[in-house]
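Make the full structure from the sequences, and use the hints.
Listed below, chain by chain, are the residues.
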Amino acid sequence: MKKNQSKLPLTIIGLVAVVAIIGTVLFLRSGAKPPTQLKNTNTTQANNAAKNTNALANASPGAQPAWAKGPATAPIVIEEFADFECPSCAGFEPVIRQIKTIYGDKVRVVFRHYPLTQIHPKAYDAARATEAAGMQNKFWEMHDLLYDKQKSWTTSGDHRAEFANYAQQIGLDVERFKTDMLGMVTAQRVDADKKRGDSARIASTPSAFLNGRQLDFATEMSNTDALRRVVESALQGK
Amino acid sequence: MNADENLESKNADKIRILPLIAALVAIAGMIDAIYLTVKHYTGEKVPCSVTGGCETVLSSEYSEIGGIPLALFGVLAYFTVFSLATLAAFGDDRMWKILSVIVALMAVFSLWLLYLQAFVIGAFCQFCLLSAGTTLTLFLLVIIRQFLPKKLS
Numbered sequence: 018m019k020k021n022q023s024k025l026p027l028t029i030i031g032l033v034a035v036v037a038i039i040g041t042v043l044f045l046r047s048g049a050k051p052p053t054q055l056k057n058t059n060t061t062q063a064n065n066a067a068k069n070t071n072a073l074a075n076a077s078p079g080a081q082p083a084w085a086k087g088p089a090t091a092p093i094v095i096e097e098f099a100d101f102e103c104p105s106c107a108g109f110e111p112v113i114r115q116i117k118t119i120y121g122d123k124v125r126v127v128f129r130h131y132p133l134t135q136i137h138p139k140a141y142d143a144a145r146a147t148e149a150a151g152m153q154n155k156f157w158e159m160h161d162l163l164y165d166k167q168k169s170w171t172t173s174g175d176h177r178a179e180f181a182n183y184a185q186q187i188g189l190d191v192e193r194f195k196t197d198m199l200g201m202v203t204a205q206r207v208d209a210d211k212k213r214g215d216s217a218r219i220a221s222t223p224s225a226f227l228n229g230r231q232l233d234f235a236t237e238m239s240n241t242d243a244l245r246r247v248v249e250s251a252l253q254g255k
Numbered sequence: 011m012n013a014d015e016n017l018e019s020k021n022a023d024k025i026r027i028l029p030l031i032a033a034l035v036a037i038a039g040m041i042d043a044i045y046l047t048v049k050h051y052t053g054e055k056v057p058c059s060v061t062g063g064c065e066t067v068l069s070s071e072y073s074e075i076g077g078i079p080l081a082l083f084g085v086l087a088y089f090t091v092f093s094l095a096t097l098a099a100f101g102d103d104r105m106w107k108i109l110s111v112i113v114a115l116m117a118v119f120s121l122w123l124l125y126l127q128a129f130v131i132g133a134f135c136q137f138c139l140l141s142a143g144t145t146l147t148l149f150l151l152v153i154i155r156q157f158l159p160k161k162l163s
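Just so you know, the protein sequences line up as chains A and B, in that order.
Converting from the first sequence to the numbering used here requires adding 17 to each position, the first position being numbered 1.
Converting from the second sequence to the numbering used here requires adding 10 to each position, the first position being numbered 1.
The set of hints was computed from the structure by calculation and includes no laboratory data.
Just to be clear, a hint being listed does not mean it is correct.
[What the hints assert, rightly or not] Lysine to any residue pairs mimicking SDA-like chemistry, simulated, CA-CA at most 20 Å apart:
| # | chain 1 | residue 1 | chain 2 | residue 2 |
| --- | --- | --- | --- | --- |
| 1 | A | 24 | B | 25 |
| 2 | B | 24 | A | 25 |
| 3 | A | 24 | B | 102 |
| 4 | A | 168 | B | 78 |
Structure below.
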């Protein structure tokens with residue numbers, strides 16, 4: 018009787034361990050599900066997408082001219098709102114780069130700043146750093162570098178010094194870069210883009226619009242194949 | 011006198027309530043920690059929400075020790091606590107003593123993590139807060155049982 022009893026707790030512990038392991042494996046397999054706290058966001062996005070085929074039509078214009086790659090006449094225009102300090106924006110970057118490589122001049126990629134300053138204290142400076150580089154015609158070089166080195170400058174104690182190093186690396190006039198970064202023009206351009214994002218009611222970064230329709234993050238932006246399917250069907254619809 | 015004796019003999023094969031509650035709380039903590047661990051490995055492409063701070067907290071330099079996500083340590087800790095609590099619920103009081111020490115350490119660590127979120131990272135993560143809640147509940151149970159008469163606990 019006593020022996021039986023001492024085995025029961027061990028059996029329970031073993032069972033819980035097995036269930037936990039099976040649960041973990043199933044959960045892992047179900048893949049990168051969107052986290053619960055974003056559920057509301059996703060449904061608003063879906064609603065936006067369903068209601069408005071052109072969610073950007075009435076949005077504030079943003080910085081003029083916008084930073085864009087690809088011809089203005091391209092049949093596909095992807096407008097991305099991003100924050101350089103956001104890990105998933107860095108994760109989306111290879112996706113958008115690959116799409117640009119695959120489709121070339123058929124795709125125009127427009128970049129908009131949407132720094133989430135509440136949770137990313139260095140994002141606003143980062144956005145201004147790319148704008149300052151842009152004043153010396155090297156916006157995309159700085160944009161790429163900030164994503165590539167995200168881990169380094171986001172954890173750095175002096176991110177501005179780090180930006181100055183990057184400026185030197187891509188061959189900018191560093192003194193001019195430093196002044197521009199803290200100047201009015203860069204702040205105004207970033208704010209204008211942010212305002213455009215707000216008026217388009219985006220709720221998270223990265224957010225992207227394909228010919229004015231907001232893409233769903235989980236199903237249309239999570240990897241190159243997913244976005245490629247969207248681009249293909251948009252091209253066929255033309 | 012007779013009644014007293016009766017109670018004692020009953021206690022011997024009765025499930026102890028506080029350790030049982032502790033076991034259930036530990037399971038809740040374990041599920042939360044498993045969720046966070048899985049998210050750590052697959053969560054690369056979780057979008058940053060304007061309102062939440064999960065992404066910031068879970069991708070901060072404090073989210074790993076030597077490349078192992080903190081949440082995984084959490085899973086192991088909660089499982090250990092669950093096991094000890096289960097054994098204690100069946101009457102093994104030595105296990106409860108070990109549990110008390112572990113839970114005290116976990117509580118201190120939880121406070122440290124709360125401090126990091128509030129003052130260093132500057133963002134809170136709701137699932138991390140839930141974990142702090144379960145740990146502090148466990149700690150509370152340990153304290154309550156300490157001061158409760160043996161027969162009642």
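For the pair supplied as a hint, residue 24 of chain B and residue 25 of chain A, confirm whether the alpha-carbon distance does not exceed 20 Å.
The hint holds at about 13 Å.
Check whether the Cα positions of residue 168 of chain A and residue 78 of chain B lie no farther apart than 20 Å.
17 Å, holds
Please work out if residue 24 of chain A and residue 102 of chain B have their alpha carbons no farther apart than 20 Å.
12 Å, holds
Measure nothing beyond the straight line between the CA atoms of residue 24 of chain A and residue 25 of chain B; if it is 20 Å or shorter, mark the hint as holding.
14 Å, holds
Violated hints are absent here; each numbered hint is respected by the structure.
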